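A.B. asks: Sequence:
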Amino acid sequence: MNVFELQHPREWEVRGGGIDFADIFQLGPLKLLIFSAIPRGDLGGSTLTPEETFARFRNSLIEGATITETLINGFRVDIIRYSHRTDHAVYTEIAAPGTVALWQRGEWSYALIDEGDQLQQNGGFDRVLQSFQFVDSQP
Numbered sequence: 165m166n167v168f169e170l171q172h173p174r175e176w177e178v179r180g181g182g183i184d185f186a187d188i189f190q191l192g193p194l195k196l197l198i199f200s201a202i203p204r205g206d207l208g209g210s211t212l213t214p215e216e217t218f219a220r221f222r223n224s225l226i227e228g229a230t231i232t233e234t235l236i237n238g239f240r241v242d243i244i245r246y247s248h249r250t251d252h253a254v255y256t257e258i259a260a261p262g263t264v265a266l267w268q269r270g271e272w273s274y275a276l277i278d279e280g281d282q283l284q285q286n287g288g289f290d291r292v293l294q295s296f297q298f299v300d301s302q303p
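Each residue of the sequence shown is one higher than the one before, starting from 165 at the first, in my numbering.
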């Protein structure tokens, strides 16, 4: 069975807090969330699947947002330019307005967040997004 790993620049720092069911990495003003599987019951009761968590996160941003779809390095990416967010109890530290790229690959879901659109003017957000590569690896 093939597993896909997302390779990103080494400069990304691991962050914690503000979210359940995801790893958070930060590079300057950008945040990368990688939603992962948490078996139901691990946290003392019913929990969301990674897909449910990802959907709840996405749905919290789409009201009044501009959504476009693009293909980057062979994977479909939704680009959401949001002006506000609704309460979703998934990630509480997201500031508005901003831009988020959302995509899924295999059992993993990803969100690249540019809070406050700090890297939109100089194309930095697009360059970072295009730098991500998936590689095959064995578990």
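Bear in mind the hints are in silico, worked out from the structure with no lab data behind them. Quick caveat: nothing in here was measured; it's all calculated off a predicted structure. Quick reminder that beta carbons are idealized off the backbone N, C-alpha and C, glycines included. Treat the hints with caution; some may be incorrect.
Label-pair restraints from in silico Cβ distances [to be verified]:
| id | residue 1 | residue 2 | range |
| --- | --- | --- | --- |
| 1 | T213 | G287 | 32 to 40 Å |
| 2 | Q285 | A219 | 12 to 20 Å |
| 3 | R291 | E216 | 28 to 36 Å |
| 4 | Q285 | E216 | 32 to 40 Å |
| 5 | T232 | I198 | 20 to 28 Å |
| 6 | G287 | E215 | 27 to 35 Å |
| 7 | E271 | H248 | 28 to 36 Å |
| 8 | P261 | R220 | 14 to 22 Å |
| 9 | Q282 | E216 | 14 to 22 Å |
A.B. asks: The structure should be examined with respect to each hint, and the outcome stated for every one.
C.D. replies: Structure-based check of each hint:
A C-beta distance of roughly 35 Å is found between T213 and G287, which places it inside the suggested range of 32 to 40 Å. Separation of Q285 from A219 is about 30 Å and departs from the stated range, judged on CB atoms against 12 to 20 Å. Range check, R291 to E216: about 31 Å between beta-carbon atoms, so the 28 to 36 Å window is met. One distance hint, 32 to 40 Å for the beta-carbon pair Q285 and E216, holds here, with the actual separation near 35 Å.
Between T232 and I198 the beta carbon distance is about 22 Å. The supplied range of 20 to 28 Å therefore holds. Between G287 and E215 the CB atoms are about 31 Å apart, so this pair conforms to the stated range of 27 to 35 Å. The hint said 28 to 36 Å for the Cβ distance between E271 and H248, and at roughly 30 Å that hint holds. At about 20 Å, the CB distance of P261 to R220 agrees with the hint of 14 to 22 Å.
Between Q282 and E216, the C-beta spacing of about 30 Å breaks the proposed range 14 to 22 Å.
Of the hints listed earlier, those the structure fails to meet are numbers 2, 9, in rising order.
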